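Enquirer: One letter stands for each residue in the lines below.
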Amino acid sequence: MVRPVDVGELREALSRDGPILIQGSGSKADFLVPYPNDDFEVLDMTSIAGIVELEPDDQVVAVRAGTQLSELQAALGERGQCLPLPDPAEFGRSVAGYPGTVGGLVAMRMPHALEAQCGGPRDWVLGLTVALADGTLAKCGGKAVKNVAGYDAHKLMTGARGTLGVIVEAVFRTTPIRSLPSPRLSIRRGDVEGPYWVQRTLRSDFDAAVGGLGEAVFAADPESSTLWAVVSPEQEPARYPGDWAIRSGCGVRNLALGDKLMSRLVEHAKDIFDAARKLNPSAMGAE
Amino acid sequence: MVPSLFARSSVYNPTVSATTLGESERLAAELGRILSPDRVVAGPGTLRAYDCDAYTVDKSRPQAVVLPESTEEVRKIVRWCVERDVPYTPRGAGTGLSGGALPALGGVVVSTKRLTRILEIDVENRCLKAQAGVPNKKISDAVAEHCLHFAPDPSSQTVSTLGGNIAENSGGPHTLKYGVTAQHVLGVTLVDPEGEVLELGGKVPGAPGYDFVGIVVGGEGTLGIVTEAWVKLTPLPKAVSTALVAFSSVDAAARAVADVIASGVIPAALELMDRGILHALRIAFGLEYPEETQALLLVECDGDPGVPEMEMHGVQEICRKHGALEVRIAQSEAERQQFWIARKKGIGAMGRIAPSIVTHDGVIPRSKLPEMLEFVYATAEKHGVGVANLFHAGDGNLHPCFCFDDRDPEQVRRVVEAGEEIMRRCVELGGSLTGEHGIGVEKLDLMPLMFSEDDLRLQAMVKSIFNRGELCNPCKVLPNQKGCIEHKKRWRGVAW
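Residue numbers (my numbering), protein chains in the order written: chain A, 1 to 287; chain B, 1 to 496.
For reference, chain B alone in the conformation it holds in the complex (with noise of 0.2 Å):
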């Protein structure tokens, strides 16, 4: 019999357990008996690198950080938090950007970075088994060679892991043609929040049921944790075709967009880059544009071969109706990658430029993007903060980023002002709080903007589906939820 770290009576108590070093040792040593010791990460320094994700506004430290590598783990692993009432929380590479990895209320984080197999793949059937842990774009990489991929391409895909883009619904660049990750996932093993292993969907998309795997892509690691996959894999494109149009106004750029969307082609992808982007990838990257360059859009158009240049011919001519100062066609495969650079390499480079940068995501109807766009740079004007925007234009999917300095809590304040100020208008406009990062921690006050009291209760209604408690990922998603209001003072830490 396991000696008990909590009674099971005894209200589990992070803020106080949170500060006693000795407790997480003791909590390291229990759960170092079911993993091998060298998968238990204890200790406040590197406790200190898992209290929070990409989005580091909102911080809380765990006890433990365990390394799993087997769904069996997992289950050992939940069901010793379940007796022990300890919350737990998944992570995969911790590149999330709304604090869905954020252990809200310490206890324990399940990391995924050792489930990192490719368990199967078939190629006539086009689908592959993978653990969480798999960097998405290993998938791609392992299925090239039979000319296949795994269509969602999130930024970050060289590092984050296909748990984490089934958690977060990930989407990308190319998800305007090929769908975000919920349509190109066919099954998942999921360990719930009770500890049970559930298969749930299979390699035939389309099964007679109810579509338990469309509510776990994007549960945001909160309907329990998701340890396998099978996942579709999509033919490369035969012929494609990249071109950067360079325009003297975002606005112009931005009323482009929305007239070839309206003309009915769908491009592969369709990026925007404005002028804050493009002054860092100079900085950054040496890149050169025309001189009035003021906006970049980035086209791609792919299929078979023929169609991609007929498409980029139509988009080529809206372009130029909207005065484009430059269309240039990728002429080699060098080249094309080299427009991807300034696409793929933004934000990094604003990373360079500014001591912070928060990355915001919301999406508005394509057709309102020009009006957007001018209240974004009215927002950022107003609050005093400096804003960039790179972002997926073809499915109205905007990305403010903010620069700052996080140490200065006025600047902090200022910023998370501006932010919500933007998410008010995009929802105002018809369009979401979140396109692919997810409401997490970042948005949960603003989910009363979106969705009323009716809606938020259907919600929780087919979250209770596979968590009615308390500690699987807790706090996120559904606001004001019972034992975490009081604790959202404690991640903001100093600058609120």
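Looking at chain A on its own, in the form it has when it is part of the complex (with noise of 0.2 Å):
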């Protein structure tokens, strides 16, 4: 285990060969496709953490990546903004997106009960500074709420599960809380242990796929067609036309591309950002 207090530790860290699992708060570890064999270095991100700038005026913050969202949620509650996710104290942390680590939020990109309404972290996320595999530094985006400068390479970085470069801090931009909407759950249980299963679906499918899950299902949303369901590992819920799911503890079935052109575009894009599968080799899932 490295953990890197700066980017000059990050960037030493990142010289050393070998695959490296990237991680903050562990939050969503168990969506992770685990890595085959305990070959790897975990690179703990929580210590590059702390808000960098914070312009409630202009509704933008900049924080780095090992930042509790926690933390930064308080930050930003303190001068009337927010990220627009659900408060897992009061509607659970599944359909909050499974809150830990700022770089966690951007890089899994989970599906949320404000999806609808708010957006997700593709929508949020300005700009990112990222170290790519060979260590270099690189930003993306900017701090500005709109901006059509370059190729969007943070949008690449979001939800790329740490597969092709790390993220070292995050430029977002906030939403008043005072125009922060409620969620409008369907079902609303409550938190549940277990391996999860998430899946969204077109609106027109919904019921059906909620209906099919039955006691199963502890919370849905209709505005996104978003359903979290207890699911055993050995269990193939339904699927339905161009849905998709992600699950936990259900180890290399955690995560399916589905698609194979998705899963060559993918290799396709791994093979110029990181090459020698260095970072997070096994979390886009095995082919």
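The set of hints was computed from the structure by calculation and includes no laboratory data.
Among the hints, a few may not be true.
Covered stretches of chain B (chain A as the covering partner; in silico rule of three or more C-beta atoms under 8 Å from a C-beta of chain A) [what the hints assert, rightly or not]:
no., segment
1, 319 to 333
2, 362 to 372
3, 454 to 460
Since this is a predicted model, take the numbers as computed values, not measurements.
Heads up, the beta-carbon is just placed ideally off N, CA and C, and yes, glycines get one too.
Using the hints, put the two chains back together into the complex; each one sits in its own frame.
Expert: And the structure:
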């Protein structure tokens, strides 16, 4: 385990050969596809933390990746701002997107119960600073709430599960608390223990999907057609046209890209960004 | 076997071939065998119409323009270009403002003019699939009866196409609340730079995997040619309240904007027009305002019944605190439309009173609006060019509009210099080189102001996921690309 305290130490850690597993607080670790052996170094990002810049009047915040989301929300809250995620204390951590660190929020891009109304990390990330596999530190995007300068590398990094670069710092557009809506969940039973199944379908299939899983569903958001259910690893819930699902606690079956083209392009992008397969080598799932 | 026009080993030489009429005709004849001959445009007169888009400072003529009607036809054209080493550039309605549709190295312009079919409307799932050449407004018109719309609304929306909006990640007045094009595109059919058809994304958003759609949207047409797209449809607001607020100084208006944003209200639109625009509107359309008016704010709030009125009340209070001369709230839909005419026709009105105009596009943090506007006026004065401002104030997205005479090289030079100074300042203040027009060729040389070499290398890596060659819309977005530097002087033509 290596826990860099600054960018210099992070780059040093990246300069060594061999695969690494990037880790924040571990809140979403069960959703990753586990590495097949123990032959990797854990890169703990939690010491690269802290708010760099908070501009409530511009509704922008720059924050280091290892910062706990709860700390960020508290600091934003004092200035009347927030990232528009459901409150985990009130609604449960699953529908709140499994809050952990800022880096994890961006890298994992988990669904949450305000997504239809407020978007997700993809929509809030204005810019990122990332460390590439070779240790190069690069910025993408910016701090402006509207910006089309250059290729949106930050969109590619958001949801890439740490496979294309290590997120070091993120700039978010924040939302005024006064305009934050409430989640409109049709099922809300609070968090349950066990392996999870998260599925999003077309609106037209949502009722069938929720009905099909019955009592297993512990949260359902009809606004974004997303359901959260406790599903054992042996179970294979019904699938619907165009839907997608992720799961936790099911090893290599946690993530199936499902689409041959997506798998091919993921490999292709990985060849460009991390040919040596150093960064989270298994996180995007097996072929 | 198709006879090769350009030997595969030889380097395509646009400077020579662009001036060789015979080659253009041979190219057109070849392409006419892929499409029907009536869907290939050649000949110097017609090709001149394709030598630039709405950014007219740089020009370069293509050798042929093709008008495909399907993804398959686009695929064939791209394959043909790749096999012969011919550069190609996609083009929508040509309303782009950074030269994205400029055929920088000549070759073939792939126009989406005939890709105008709406393919599928799925009301229940609030999405629609259309071909890339469908004008933005037609999408909203097609679903208005279901109380839905396509939210991005660039000022060019009656003509600008879905494909162009996707390429440039277009914004518009209502993106303040509803987000830019990227937030409304679910999936695309992309003919990649090698001529392979890729279906990216789909009707259900947020799928795991890399966000390739997010890269293609805003890729400025350099990552392949989008031929079809699934877009998200948004319910029309149930209630709207729209106001025009007159201020006796542009500074007061800008401070009011910053305060409205800071107060936490997110209006659907928050647009600022300065004296220069008001003057043009008065001449062009006879629109009248209180006498001492130096700036107008157009504010729109929307939402469920009751909400817009409440929000507007708050906005009004802030505006009055900043010395608003008059707050006029639209009492009818007709009056609301009239308010919007001022905003939407502003640039057109400028065009009527000046020989040439160039509209810039920069972004700054909203709290810096007053100081930035002051800088814009001072810069215009220093360079002796006229300037007017009409812009998306709520996003901090400035659009200084310079009026000049483009037949005078000296004036062109001064306008370009003033524009560059303004861009530099935007970046210094923590903003961006462009909020919605794109880098294109216009801002190539300014990219290093915002991005380091390593940052640009990261972007080049992103580009290379789709485009490793030099044929698909060459010489855009990233500065100093191989084979482009020596051509820049040629685009500028007489002015430089």
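Enquirer: According to a criterion of three or more residues whose C-beta lies within less than 8 Å of a C-beta of chain A, is the segment 454 to 460 of chain B covered?
Expert: Coverage by chain A holds for the segment 454 to 460 of chain B (6 residues, Cβ < 8 Å).
Enquirer: Take the segment 362 to 372 of chain B, compare each residue's beta carbon with every beta carbon of chain A, and decide whether three or more fall closer than 8 Å.
Expert: Holds, because 5 residues of the segment 362 to 372 of chain B bring their Cβ atoms closer than 8 Å to Cβ atoms of chain A.
Enquirer: Has the segment 319 to 333 of chain B got at least three residues whose CB is nearer than 8 Å to a CB belonging to chain A?
Expert: violated (count 0)
The earlier numbered hint that this structure contradicts is number 1, and it is the only one.
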